[in-house]
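Visitor: Here are the chains, one letter per residue:
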Amino acid sequence: MTPASHLLQQEIPLTWYLLLSAALFSLGVIGFLIKRNLITVFMSIELMLNAVNLSFVTFAHQWHMVKGQIFVFFVMMVAAAEAAVGLAIIIAVFRARTTLAVDRIDLMKL
Amino acid sequence: MLHEPSLSLPGFAPALPVCDGTMHLILFVLFAGLCLAGAINLLLQSHPINSALSLIVVMTSLAVLYLLLGAEFLAAAQVIVYAGAIMVLFTFVVMLLNAGREERTLGSRVARAVGFPAVVTILGVLATVILRAQGLGSASLHDGITSTEELSAVLFTKLLLPFEVTSVLILIAILGAVALARHGDGERMDGK
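These protein sequences, in sequence, are chains A and B.
For reference, each letter of the first sequence is one residue, going 1 to 110 in my numbering.
For reference, each letter of the second sequence is one residue, going 1 to 192 in my numbering.
Source of the hints: derived by calculation from the structure; they are not laboratory data.
Virtual Cβ for every residue (Gly too), placed ideally from N, Cα, C.
Heads up, some of the hints might be wrong.
[As the list claims (entries may be wrong)] Now the stretches of chain A that chain B is said to cover, found in silico as 3 or more residues with beta-carbon under 8 Å:
1) 18 to 32
2) 43 to 52
3) 64 to 78
4) 89 to 103
Generate the whole structure from the sequences, applying the supplied hints.
Guide: Laid out in C-alpha cells, this is it:
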C-alpha cells in the first residue's frame, strides 16, 4: 500500500461520533432551558434521546455487540410511547389553559 | 488498488474502491454538520413548526450516521419511527393547536443560575472523558454492517420477553393518549 492510498484509507475515529453525541445532548439541554413553548421543550427532550441513541450505536460498533443496537430499538419504542402520551397531555393542557407558554403553565393542577 | 466499479451500492460494496476512506469522511462531516446545524436551528427558531422541521433534519442525518456505523436496521427504524411517526405526530399537534410564535422571556432564575453552568459542566466533562478514553476504535466502510437477521436472532430469542413487554407498553401508551385527549370532551359532556 502506497502512502498516498494509506492516507485515503483513513478511518473516522469513534471519538468524533461520541463528541457529536455529547454536543447534540448539550444542545438538547440548552433547548430545554431556553425554549418557552411547551411543544419545543418536548422536542428538545427528543433531541437528547437521539443524542444518547447515537452513542449507543457507536459503542455497539466499538464492541461489536448487537445488544447495543437492540437497546436503541427499545429506546425508540419508549420514545414513541412517550411522544404519544406527552402530546396528549399537551393537548389536555392547551384545552385547560389555552396557552402553550411554559411560564404560564406553572401549576400541576389542570 | 483500484477495483472495477461494482454494480452494487457505492461505498457499501465488499470490493471497495480506494476512495472509501474519504467517502466516509465526507459523509460523516456532511451529516454531522447537518445534525448540528439542525439542532442549533431548533434553538434559534421561534415558531414551533420550524423547530419541528429542523428536528426532522437532525433525525434523518442521524439515520445516515447509523448507516455509517453499520446499523442498517436502526437507520431504517430511525427514518420510519422518528422522522416518520413521531415527527408527524409533533407537526400534527403544532398545527392542531395553532401554536403561534413563542414569546421570548428570560426564563427562570434557577435556569440561568444553575442550568447553564450545568450544561457547560456536562459538555466539558463528557468531552474530557471521551477525548481521554483509551482503546476507542475507528469506523470505516470496510467494517461491514450488522444485518437485520443478526439483530433479530438476538431480539427474538434472548430478548423476547422485553420485546413483548414493549408491545404492552405501546398498548398502554395508546390507551393513555386516547384517555388524556378525550378528557376535555368527557368533562364538557358531564357539565351539560
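Visitor: Take the hints in turn and mark each one as holding or not.
Guide: Here is how each hint holds up against the structure:
no. : hint      : verdict
1   : 18 to 32  : holds (count 13)
2   : 43 to 52  : holds (count 5)
3   : 64 to 78  : holds (count 10)
4   : 89 to 103 : holds (count 10)
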